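**Q** Chains as they are written, first to last, in this note's numbering: chain A, 1 to 162; chain B, 1001 to 1121.
Hint data in this document are derived by calculation from the structure and do not stem from the laboratory.
Values in this document were obtained by computation on a predicted structure and should not be read as measured data.
Yeah, the Cβ is synthetic: ideal placement off N, Cα and C, and Gly gets one too.
It is possible that some hints are incorrect.
Stated by the list, open to error - Simulated pairs of lysine to any residue, SDA-like, Cα-Cα distance not exceeding 20 Å:
1. A:Lys98 <-> B:Val1007
2. A:Lys95 <-> B:Val1006
3. A:Lys98 <-> B:Val1011
4. A:Lys98 <-> B:Asn1039
5. A:Lys95 <-> B:Arg1055
6. B:Lys1071 <-> B:Gly1110
7. B:Lys1002 <-> A:Ala142
8. B:Lys1002 <-> A:Val149
9. B:Lys1002 <-> A:Ser152
10. B:Lys1094 <-> B:Asn1039
11. A:Lys95 <-> B:Thr1098
12. B:Lys1043 <-> B:Pro1101
13. B:Lys1094 <-> B:Gly1040
14. B:Lys1088 <-> B:Thr1098
15. A:Lys95 <-> B:Lys1082
16. B:Lys1002 <-> A:Tyr153
17. B:Lys1002 <-> A:Leu124
18. B:Lys1094 <-> A:Leu124
19. B:Lys1103 <-> B:Val1056
20. A:Lys98 <-> B:Lys1002
21. B:Lys1043 <-> B:Val1085
22. B:Lys1002 <-> A:Ser100
23. B:Lys1071 <-> B:Ala1016
24. B:Lys1002 <-> A:Ala146
25. B:Lys1002 <-> A:Phe145
26. B:Lys1002 <-> A:Ser96
Said to hold, decoys possible - Non-contacting residues of chain B with respect to chain A, defined by C-beta distances greater than 12 Å in every case (computed):
27. Arg1003
28. Asp1005
29. Leu1019
30. Ser1022
31. Leu1046
32. Gly1070
33. Glu1073
34. His1087
Unchecked claim - If you want the footprint, here are the derived chain A segments under chain B, 3+ residues with CB under 8 Å:
35. 14 to 28
36. 101 to 113
The primary structure of each chain is shown beneath.
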Amino acid sequence: MRKKVAYYGIFAALSILMGYVEAIIPVPLPVPGIKLGLSNVIVLLALYVMGTKEAFYISIIRVFISALLFRGFLGFWYSMAGAFLSYIVMVLAMKSDKMSTIGVSVLGGIFHNLGQIAVAIIILGRTVVVYLVPVLMVSGVATGFAIGVVASYCTKYLQNRI
Amino acid sequence: MKRWDVVVVLVALAVAGGLYFSGLLRADTPGGVAVVYVNGVEKARLSLLQDTEYRVETEHGYNIVVVKDGKAEIIDADCPDKICVNHKPISFRKESITCLPHKVVVEIEGGNENSVDAVVQ
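Chain A extracted, bound-state conformation:
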C-alpha cells in the first residue's frame, strides 16, 4: 500500500512532465488543438499496470497541476473534458478486451480531441469549430497510434515489475 502511494507520485509527476515536454515541442500545423498527447502514455500505462481507479486519479491530478502550471483557467476546461472523455472511452475499450493497447490509445486520442471540441463549442458559443472535427479525428488516430505503440512496449516491460 505504501508502495502504491509512491507509484501514484511517480506516474503523476511523469505525466505532468510529459505535458511540459509537449508544450515546448512546436506543432508545425496551422490547426489548433493538435497535440502529441504524450501524457496519455502515462495514463495508458497506469490503466494497464495499476488499474482503472488509479489511472483516473492520476489523470485528474495531471489535469489540475498542468493547468496550474502551464495552461490557465480556460486550458483547464479543455484538458479536463479531453482527459475525462478519453478516460471513459479507454476504460470501456480496455474492458471489452477486444483490442490491444494501440486500439485503446487510438480511441483515447480521438475522444480526447472530441471532448476538447465540445468545450470549444461551449466556450466560444458557436459552431465554427465543428469543421475541425474530421481533422482532429485523423490527428487523434495518428497520435493515438504512435502513443499506443510506445505504451504497449512500456507495459510489456513494466507489467511484471509493479
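Given chain A's structure and the hints, the job is docking chain B onto it.
**A** For chain B alone, coordinates are given in the frame of chain A:
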C-alpha cells in the same frame, strides 16, 4: 495489434473522411446580411450573397452602401469627415461601418465570424 485495432482505426478514418467530404460541417457557408441602421432604426437588410447598391437618405445627408463580392462598404456620402467612405469593406459577423455625422451604421449579421479573433489551445 489485434483485429479490432485495425477496425477502430479504419472506422475512425472513414467517419472523419465521411464528415469531411459530406460537407455537413462546412461552417464557412456565406450568408451574412448587412443591416443598415439610421439613428438606431433598421432601414434595410442587404444579403451579402448578391451584389447590390443601396442609397441611405437621412435628415443630414446620404450614404451609398454597396455590396460586392460578399463584402459591404460605403462608397459615397456627403458627410464632412468621410470616415465611413474610407472604411475597409466588411464581411465578418459583428463588423460594422459607422457614419457618425449621419448616424448611419452598417453592421454584418449572421455569416462567419472573423476566425482570427478566437484563441484555442
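**Q** Name the hints, by number, that the structure is in violation of.
**A** The structure conflicts with hints 4, 5, 11, 15, 17, 23, 27, 28, 29, 30 and 35, although it agrees with all the remaining ones.
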